[in-house]
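Here is how the chains run, residue by residue.
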Amino acid sequence: MSTSGSWLLAALALLPLVGAAVVVALRGNDRTAKLAALGFSVVEFVLALVAWASFEPGGARLQQAFSFDWIPAFGVHISFGVDGIALVMIAVIALLVPLVIGAGWAEKLPEGRTAGGFFGLILLEQALTVGVFAATDVFLFYVLFEIMLIPMYFLIGSYGGARRQYAAVKFFLYSFLGGLIMLASVIGCYVMAGDELGQGTFDWATLVRVVSDAPLSTQIWLFLGFFIAFAVKAPLVPLHTWLPDATAEAPIGVAVLLVGILDKVGTFGFLRYLLPMFPAASAELAPLVLVLAVAGVVYGSLLATGQTDMKRFIAYVSIAHFGFIALGIFAFSSQAMTGSVTYMVNHSIATGMLILVVGMVIARGGSTRIADYGGMAKLTPLLAGVLLIAGLSTLSLPGTNSFVSEFLVLIGSFPNAPVFTAIATVGMVFAALYVLWLYQRVMQGPLRGSALVDSSGGGAGVDTARGGPGAARAAVLDPEVGAKKGIFDLNGREKAVLAPLLLLIVGLGVYPKPVLDTVAPTVDATMCEARLVDPVQPVQSAERQLQCP
Amino acid sequence: MSVISSVLLLAQEPPAPPKVEAPPLDAVWPILIVLGAACVGVLFEAFLPRHQRWPFQVVLTLLALAGAGVLLATYISDAPAAGELAMYGTLAVDRPALFLWGTLLALSLGAVLMIADRSVEPGGAFVASAAIRPGTVQDRAQVAATGMQTEVFPLTLFALGGMMIFCAANDLLTMFIALEVLSLPLYLMCGLARRRRLLSQEAAVKYFLLGAFASAFFLYGIALLYGYSGSVQLADIAASAGGSDRSDTLLFAGMGLLVVGLLFKASVGPFHTWTPDVYQGAPTPVTAFMAACTKVAAFGGILRVLQVAFESTNWEWRGVLWGVAIVSMVIGAILGLTQTDVKRMIAYSSVAHAGFLLVGSIALTDKGLSGTLFYLLAYGFTTLATFGVISLVRDSSGEATHLSQWAGLAKRSPLVAGVFTFLLLALAGIPLTSGFVGKFVVFEAAIADGMAPLVVVALVASAVAAFFYLRVIVLMYFSEPAAEGPTVTVPGAFTTAAITLGVLVTLLLGIAPAFALDWAAGGVFAIR
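If you read the sequences in order, they're chains A and B. Every letter in the first sequence is one number past the one before it in our numbering, and letter 194, counting from 1, is 194. Every letter in the second sequence is one number past the one before it in our numbering, and letter 161, counting from 1, is 161.
Since the hints were made in silico from the structure, they are not lab data. Among the hints, a few may not be true.
To be verified - Non-contacting residues of chain A with respect to chain B, defined by C-beta distances greater than 10 Å in every case (computed):
hint: 1; residue: A10
hint: 2; residue: L197
hint: 3; residue: I252
hint: 4; residue: P398
hint: 5; residue: D517
hint: 6; residue: D534
hint: 7; residue: Q547
What the hints assert, rightly or not - For lysine-lysine, the following DSS-like pairs were computed, each having C-alpha atoms within a straight-line distance of at most 25 Å:
hint: 8; chain 1: B; residue 1: K411; chain 2: A; residue 2: K170
hint: 9; chain 1: A; residue 1: K378; chain 2: A; residue 2: K513
hint: 10; chain 1: A; residue 1: K108; chain 2: A; residue 2: K495
hint: 11; chain 1: A; residue 1: K108; chain 2: B; residue 2: K411
To be verified - A few chain A positions that, by computed beta-carbon distances, are all more than 12 Å from chain B:
hint: 12; residue: R61
hint: 13; residue: R164
hint: 14; residue: T241
hint: 15; residue: F268
hint: 16; residue: K378
hint: 17; residue: L382
hint: 18; residue: N416
hint: 19; residue: M428
hint: 20; residue: L546
Don't be surprised by glycine CBs; every beta carbon is placed ideally from N, CA and C.
Turn these sequences into a full structure, and let the hints steer you where they fit.
Next comes the structure, spelled out in structure tokens:
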């Protein structure tokens, strides 16, 4: 089973685990704990780069394979392996975690909580999510899928905002229920393999072979079990309601992990499990998924426009984007699917940056309400600039990374699902509306809002502050005045956190080839496993032709 | 002549007296040790001075459990794979019976350690003289004293002996006697609490009355089955049910009554009504013993009765038990949501778990058997440790079992809160705990036996039940501590050992369940 590079994935999964233990052990001293956490996450990032470098696009379906027995009685193995999609997601995790640690460096934790506990849980979450993407044993996948809820539950519940208890429990129950329904399907697949092969197995590749030939009715039941779990995670309307609460209550860094990584497990599951294992059911139920996807695009866009809270705003933006990703996956063309996979990466980068920037705004103003801000660009021009860039990437402006993926999704989806694609395109228009309007309200215009302007004379700050243009103070125009109020522009740490994301937004917008090349062979393999053929494309690229063995 | 010849004949060949062979005892030594030690314990009570009884009883009980364990282990190493009959065919000592015996002995060890603890509650959780009326002058005097009723040790051993016989009983009469032997001590033990004595006595009376009813059902069922098949042997009932064209009325009426008696003991809904009251009222170590061991014994009996006696007629009755399992899971999960008392909450959780166990029990396959056995092992240890932790959280009036008192516990005692969280997650069935592996093996067996819809119901019930476990975690970690909150007692060596045992097994069976799964799958019931 083992190949030469096999230690790599085990190391990628174990390193953050060790890191978590070390950081928790060092929790007595905040600074040491933070440094240790940062150190571990940076080494993890380097390891991820090594994994990427040693990956051969177009090579074996699952590379860096690694396996040993866990529960022989049930044929359960601890086995890891990555394809292009899993690899880029692991790289995204490894990229985001150090940034999240950097962003949370000065986080004010609730009384009685230590930075060691906080960062320890983040590293633990990292280990589990790396494991989820790397697992090639369905049982192991399920186990990690469920366990990764627990650190996240404590991250939201212990370190979150005012309604954190509600949000944490809601998050946990939604995902747990989804997971349990998936468990029924996992067992169903296992039993089916047992009937077919004489001995049950959880090996992904074997299950794909056995289950994909099952009769349609069986496939539909098994498909639904997996689908509900992934649709809760992704999240698709109408199973999305936990996300706005969880995002709004989670600390900023945790919100990045939640939206940027955890939710991607859902769309990853569509690609890795639903399509290859249940090709007939996928084809049969694709219209249903497309309806949910497009409903998500429209619904998420509308609600994002109407949000008054910045963190909830981001949650709804993400719901709209997950609609796009699901559309691209279930439109069944290699172009759209490639678009969706790169969308998963780019969404993590763009939305991750948006959340971090919004977090910086909130850290200065002390409020998450949009109405409490206004004209902030005058105090913090750099912060305004990065918010604009993150926003532009979120609305998929050409030249930013998200444009490439959104364009691929739409153009690739059109031949198979023209109506759905047309409706989803409306989402792009809305994106421009909600992003620019947010920017305008927070950053542009005269300085206003209770978070930035205190009514120096009177006590009732909120009322005067929200009193429209009349309350604006034309006198407050320069950063020095902001400094007096304790509102500074980006500091060195924040610049360092945002710089990599900024580079990637522009870099991948101009030159997306590294990601595209890595994921394209895996997308083709997924298309073949799902027994799909590309529709006739209006814009057919000459060099890419889907060829199944 | 004829006289002489007959005399000669007699002289030559004396008529062989009916040859009575002593039954081979190898297989049943563990039971004999346990029951023998219980009798010695009674003598200790009679002849030892009061202050010497506690140490003698503790040593005797622990030695008996250890001795029985060692004898069991030596017997298992060269036991016939197909099992053997012992005590003139009344006991079937087969692989499942041996597995259940081992489980019962190990769980009892933990329970006895908790019963013996005198540091958590000064003087132990048991009142010195249960006969004194609560609230009287004498009662107040004995609250101040630290004496303890040491009869609880022989009672525990008698109950344990009954449980061991119950899981191995090869005929229904033996099973009935074992049922009474295990039940009567438990009724008494429920009423021995040092604190909240009225609640405790109420629990004992409730348990006794309902238990007596259940026993009557059980006995009536035996009578009807005897009428049907002319035998109380499980194998004979199976044989007559399999190949006859008699009316089935007696068979199914008898089976129904019999199974109701069994389901009552296993606290399967809707026969669970005693469970919350008794779990709440009984002294917590006794609750731990009941929750863990009675469940094991009762499901051992259910498995044997269903698989040995009624397997051939399962088409007729399986639908009914489907319904019972669903009712049990739904009652446990939904009523558990409304509880405000930790012990009652765990009681409803045990009703839900009984439903899951029943799902495994009615999968009449080898996998169903081994899965249910594993689940019993896993659940027993988790529950044991859970009640161990509950006994530690106390205020001035005894255990603080109201949920609101648990708020913010993690701030004051992170270790206890952490351990309890782990146990709750195990009860909820989160992976890497034994609870998950147990659910997995049981549900796997059920799906393989064509019960996928039932499994989906079970999974939804698990998700609902997860909510009330989570609620406790939320209280402990995310809420502010109550101002006059309870303190966590530093447990003595005994309770610490019991909790550690439970937690370690829960973790071990979650991470490396292979060996226990192999044991559980070691063999099937001997049908003779």
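- Message: A cut-off of 10 Å on Cβ-Cβ distance, and P398 (chain A) was said to be off the interface with chain B. Does that hold?
- Response: holds, 44 Å
- Does N416 (chain A) sit more than 12 Å from chain B, CB to CB? Holds: least Cβ distance 32 Å, greater than 12 Å.
- Can we trust that Q547 (chain A) is non-interface, i.e. its beta-carbon lies farther than 10 Å from all of chain B? holds, 38 Å
- Would L546 (chain A) pass as off the interface with chain B, using Cβ distances and a cut of 12 Å? Its Cβ never comes within 12 Å of chain B, the nearest being 36 Å, so this holds.
- Query: Hey, does R164 (chain A) actually stay past 12 Å from chain B on C-beta?
  - Reply: Violated: least Cβ distance 6 Å, not greater than 12 Å.
- Item | Holds or violated: K411 (chain B) to K170 (chain A), with C-alpha atoms at most 25 Å apart | holds, 23 Å
- Item | Status of M428 (chain A), Cβ more than 12 Å from any chain B Cβ | holds, 37 Å
- Just checking, A10 (chain A) versus chain B, shortest CB gap more than 10 Å? holds, 16 Å
- Item | Minimum Cβ-Cβ distance from I252 (chain A) to chain B exceeds 10 Å | At roughly 19 Å from the nearest Cβ of chain B, I252 (chain A) sits farther out than 10 Å, so the non-interface label holds.
- Message: Please check whether the beta-carbon of L382 (chain A) is more than 12 Å away from every beta-carbon in chain B.
- Response: It holds; L382 (chain A) is separated from chain B by about 36 Å at its closest Cβ, greater than 12 Å.
- Query: Going by Cβ atoms, does R61 (chain A) stay more than 12 Å from chain B at every point?
  - Reply: holds, 26 Å
- Item | F268 (chain A) non-interfacial with respect to chain B [C-beta, more than 12 Å] | The assertion about F268 (chain A) holds, with a minimum of 19 Å to chain B.
In the structure shown, a violation is registered for the earlier hints numbered 9 and 13, in ascending order.
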